[in-house]
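Trainee: Kindly generate the complete structure, drawing on both the sequences and the hints.
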Amino acid sequence: MRFDNPVPVTTIAQLIGAELIGNIDGYVTGINELHKVEFGDLAFVDHPKYYSTCINSAATFIIINTKTCFPEGKALLVVDDPFEAYQKIVSFYRPFTPSLKMISESASIGAGSVIMPGAYIGNHVSIGSNCIVHPNVTILDHCIIGDHVIIQAGSVIGSDAFYYNKKTNREIHYKKMASCGRVLIENAVEIGANCTIDRGVSHDTIIGAGTKMDNLVHIGHDTVIGKNCLFAGQVGIAGATTIEDNVILWGQVGVSKTLTIGKGAVVYAQSGVKDSIEGGKVYFGSPVEEAREKMKEFVWIKRIPQLWEKVMGSKDKG
Amino acid sequence: MRFDNPVPVTTIAQLIGAELIGNIDGYVTGINELHKVEFGDLAFVDHPKYYSTCINSAATFIIINTKTCFPEGKALLVVDDPFEAYQKIVSFYRPFTPSLKMISESASIGAGSVIMPGAYIGNHVSIGSNCIVHPNVTILDHCIIGDHVIIQAGSVIGSDAFYYNKKTNREIHYKKMASCGRVLIENAVEIGANCTIDRGVSHDTIIGAGTKMDNLVHIGHDTVIGKNCLFAGQVGIAGATTIEDNVILWGQVGVSKTLTIGKGAVVYAQSGVKDSIEGGKVYFGSPVEEAREKMKEFVWIKRIPQLWEKVMGSKDKG
Amino acid sequence: MRFDNPVPVTTIAQLIGAELIGNIDGYVTGINELHKVEFGDLAFVDHPKYYSTCINSAATFIIINTKTCFPEGKALLVVDDPFEAYQKIVSFYRPFTPSLKMISESASIGAGSVIMPGAYIGNHVSIGSNCIVHPNVTILDHCIIGDHVIIQAGSVIGSDAFYYNKKTNREIHYKKMASCGRVLIENAVEIGANCTIDRGVSHDTIIGAGTKMDNLVHIGHDTVIGKNCLFAGQVGIAGATTIEDNVILWGQVGVSKTLTIGKGAVVYAQSGVKDSIEGGKVYFGSPVEEAREKMKEFVWIKRIPQLWEKVMGSKDKG
Numbered sequence: 231m232r233f234d235n236p237v238p239v240t241t242i243a244q245l246i247g248a249e250l251i252g253n254i255d256g257y258v259t260g261i262n263e264l265h266k267v268e269f270g271d272l273a274f275v276d277h278p279k280y281y282s283t284c285i286n287s288a289a290t291f292i293i294i295n296t297k298t299c300f301p302e303g304k305a306l307l308v309v310d311d312p313f314e315a316y317q318k319i320v321s322f323y324r325p326f327t328p329s330l331k332m333i334s335e336s337a338s339i340g341a342g343s344v345i346m347p348g349a350y351i352g353n354h355v356s357i358g359s360n361c362i363v364h365p366n367v368t369i370l371d372h373c374i375i376g377d378h379v380i381i382q383a384g385s386v387i388g389s390d391a392f393y394y395n396k397k398t399n400r401e402i403h404y405k406k407m408a409s410c411g412r413v414l415i416e417n418a419v420e421i422g423a424n425c426t427i428d429r430g431v432s433h434d435t436i437i438g439a440g441t442k443m444d445n446l447v448h449i450g451h452d453t454v455i456g457k458n459c460l461f462a463g464q465v466g467i468a469g470a471t472t473i474e475d476n477v478i479l480w481g482q483v484g485v486s487k488t489l490t491i492g493k494g495a496v497v498y499a500q501s502g503v504k505d506s507i508e509g510g511k512v513y514f515g516s517p518v519e520e521a522r523e524k525m526k527e528f529v530w531i532k533r534i535p536q537l538w539e540k541v542m543g544s545k546d547k548g
Numbered sequence: 231m232r233f234d235n236p237v238p239v240t241t242i243a244q245l246i247g248a249e250l251i252g253n254i255d256g257y258v259t260g261i262n263e264l265h266k267v268e269f270g271d272l273a274f275v276d277h278p279k280y281y282s283t284c285i286n287s288a289a290t291f292i293i294i295n296t297k298t299c300f301p302e303g304k305a306l307l308v309v310d311d312p313f314e315a316y317q318k319i320v321s322f323y324r325p326f327t328p329s330l331k332m333i334s335e336s337a338s339i340g341a342g343s344v345i346m347p348g349a350y351i352g353n354h355v356s357i358g359s360n361c362i363v364h365p366n367v368t369i370l371d372h373c374i375i376g377d378h379v380i381i382q383a384g385s386v387i388g389s390d391a392f393y394y395n396k397k398t399n400r401e402i403h404y405k406k407m408a409s410c411g412r413v414l415i416e417n418a419v420e421i422g423a424n425c426t427i428d429r430g431v432s433h434d435t436i437i438g439a440g441t442k443m444d445n446l447v448h449i450g451h452d453t454v455i456g457k458n459c460l461f462a463g464q465v466g467i468a469g470a471t472t473i474e475d476n477v478i479l480w481g482q483v484g485v486s487k488t489l490t491i492g493k494g495a496v497v498y499a500q501s502g503v504k505d506s507i508e509g510g511k512v513y514f515g516s517p518v519e520e521a522r523e524k525m526k527e528f529v530w531i532k533r534i535p536q537l538w539e540k541v542m543g544s545k546d547k548g
Numbered sequence: 231m232r233f234d235n236p237v238p239v240t241t242i243a244q245l246i247g248a249e250l251i252g253n254i255d256g257y258v259t260g261i262n263e264l265h266k267v268e269f270g271d272l273a274f275v276d277h278p279k280y281y282s283t284c285i286n287s288a289a290t291f292i293i294i295n296t297k298t299c300f301p302e303g304k305a306l307l308v309v310d311d312p313f314e315a316y317q318k319i320v321s322f323y324r325p326f327t328p329s330l331k332m333i334s335e336s337a338s339i340g341a342g343s344v345i346m347p348g349a350y351i352g353n354h355v356s357i358g359s360n361c362i363v364h365p366n367v368t369i370l371d372h373c374i375i376g377d378h379v380i381i382q383a384g385s386v387i388g389s390d391a392f393y394y395n396k397k398t399n400r401e402i403h404y405k406k407m408a409s410c411g412r413v414l415i416e417n418a419v420e421i422g423a424n425c426t427i428d429r430g431v432s433h434d435t436i437i438g439a440g441t442k443m444d445n446l447v448h449i450g451h452d453t454v455i456g457k458n459c460l461f462a463g464q465v466g467i468a469g470a471t472t473i474e475d476n477v478i479l480w481g482q483v484g485v486s487k488t489l490t491i492g493k494g495a496v497v498y499a500q501s502g503v504k505d506s507i508e509g510g511k512v513y514f515g516s517p518v519e520e521a522r523e524k525m526k527e528f529v530w531i532k533r534i535p536q537l538w539e540k541v542m543g544s545k546d547k548g
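Chains as they are written, first to last, in the numbering used here: chain A, 231 to 548; chain B, 231 to 548; chain C, 231 to 548.
Source of the hints: derived by calculation from the structure; they are not laboratory data. Incorrect hints may appear among the rest.
Treat identical chains as interchangeable: a pair holds within one or across any two.
Unchecked claim - DSS-like, lysine-lysine: derived pairs with alpha carbons at most 27 Å apart:
| # | residue 1 | residue 2 |
| --- | --- | --- |
| 1 | Lys279 | Lys318 |
| 2 | Lys511 | Lys487 |
| 3 | Lys318 | Lys406 |
| 4 | Lys487 | Lys396 |
These figures come from a predicted structure and were not determined experimentally.
Mentor: Here it is as structure tokens:
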């Protein structure tokens, strides 16, 4: 999330009751997750395992639950519970103030765009020109839609991330991490019916220009989709994943989180992508392999009885 | 389904034109499916195969298409077509009288709860305090929502069960069994966008406190979900299944009907659970096995060509 | 798509700026895809590979980008870009003129049918008698719904086909082919919550009488479903496929495009149907095989370690 205007780090420290150490004159430009932070950003870390990564990331300001050394020019904001501090900042700068009209007065809708009945357009949503938003679509606060975009009926743009902090005092439970990112949909994207595209937790979920999705597709938070991809029905993509340009995912493919699918890869129906895969190749299986390797496997499995007979001297299990 | 007040069994017998045998002075407290019946309940049975189970269940009153012996204190309601008798009772005591307002006047909504535009709240729905019901959500009649519940846009709570009576006179066809159960959503449950949670046929579908679901998740009728479970996107769970506490189902997992997943089980993405599985373990595959066993299988399959070469003396199929 | 009244072929030729050769006195009754065309129809072809198939199809009028011979009684409409000519005809005869009311004035709704709040009923939609259209359902223009049909909350009927023309000048991109077909839902069909049924590109998507679908089911464009089928939750069926009567697809089954599933076939959960399969049999797997064959395969795979030990003399990989 970018602040509308840079905020003095002292203001943030006061808001969250932090002890401020280091660059106390700095201005904070935004707040972001560790793997998306940029110079000027605030990040948070509460586990010793990640202290070093966070302190040495691009983040200029670090909310942390210890005092430790850090590079010059940065600042630490020391608090007992960095997660709660993060939540406080988000709820202060991006409060949940739902519009109670179907089309918010702060939404902007470009020339030639049609918003059909039953569609909800939240606060500060921007829709470009010549778009069609079909009935019963929901576009939540702060999402940005380009030109010539079609969103078919019932789809939801900007639902909150499925992102929880696990707590284990007495029993396991989960605390929602507030989503302050957005969904950015570039020009000429077409989204099928009853799809769901989650907003980023703190960065943006991005759908690249010209990408087309069939119905009931799910795109997780902070995921970045390239240009001119094709996703068939019921594809599901988890959070913080990168899909490069021209990727084709056939029906019911599942893609795990924080991985990359290279440019031009094709993944056959019902496959499961659990690790990054190279572009320019064709994949199949759950987990995926290159399709022609996976196909050979099917042939080999069918030969087991023949092997068995040769080795064991009988077609039945000895 | 519980009746608002206990109903004399003679009233029920008259409604469905049944011959009443046995405890004719009793009061019926509710109507339920065989595996959910309690003392005071009415159940129905129309197939000789299930006569004995039904008569000896907890049900006090049995709608049946034969005269047979039964335990003292119970009553039989003898009719030609128990299924039709059941439908008649449901449509009399739980008639379909849809509210034609977006928020029914008989719905109750707790303090601090926000119902966003386009959300439909049916008759006798109860929503606790500090909930958020996002745009274009549908919550159908009689569903009960706890406190601090979040339901994201486009989700449907209380759709009818997918439950049909197969008829084969002349040709196969299916007759819908009326759903008179409810959906009960406990405190601090969070439901993603475009999910669907079916009501129970005659019992309740229950989502335990603290459970979180991602988008496009489907929960079948009469299914009981424990506390603090996590279900990732596009998970589907069939009817009358039990998921104990702290179960984690990753994306696109499918779970069959009337089974149990034990406490703390973890099921990897795209797996299929067709029988009950123990808690505390990690599973993968369709059908599932323990994940580490399934992983070994992948290794063994890759060794078939080596076996073939050793046995057949050539890498190619002889 | 059928025209409301037959149109002189000269009118069409003028609309698209085509050179007209052959039967210039003919009347065009409709426009259709190659595999759905009938006598009197207009079809289009732009690739030499399909010239002959198209010219010799049932189509009477062919939009084409070459001059070639053709059977007597037919006509060619020669243009540079047949795809664009097709788009122009569709947008002229089936223009997108969205109703801005939740229930269009041109929709007709039969006696005893209930349209619940938040449901959108488009232009020229026809709904029979005794139907229930639940809240937040979307039924788009020109769809035809029979009697005693139930459509549960959030479902979308008549979304556009996922059908694109691939263009590769400079970079790959996709151009939407306008959908001018309809969805026809026959009597006593019941559709679950948050399902999506795409309209045909130029023909109709048809759901046969008595068929029942659970939630989150996706049906592609131009697909024809038989009578009294059962589709469990999250089934996905691609475009232009034929499912015959009494077919049962269990949860999360995926079915590819342009194939046929024979009468009475049963496909177990999570299976993938990539080619046509015969009726009357039970299937499992991705891709499917007959279920009992597939089950044997699971047993054979479990025997590999035993084979390995016998051949290699050790349980571990040599």
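Trainee: Determine for every hint whether it applies to the structure shown.
Mentor: To see whether the hints hold, each was checked on the structure:
no.	hint	verdict
1	Lys279 / Lys318	within (24 Å within a copy, 61 Å between copies)
2	Lys511 / Lys487	both (20 Å within a copy, 22 Å between copies)
3	Lys318 / Lys406	within (13 Å within a copy, 45 Å between copies)
4	Lys487 / Lys396	within (18 Å within a copy, 29 Å between copies)
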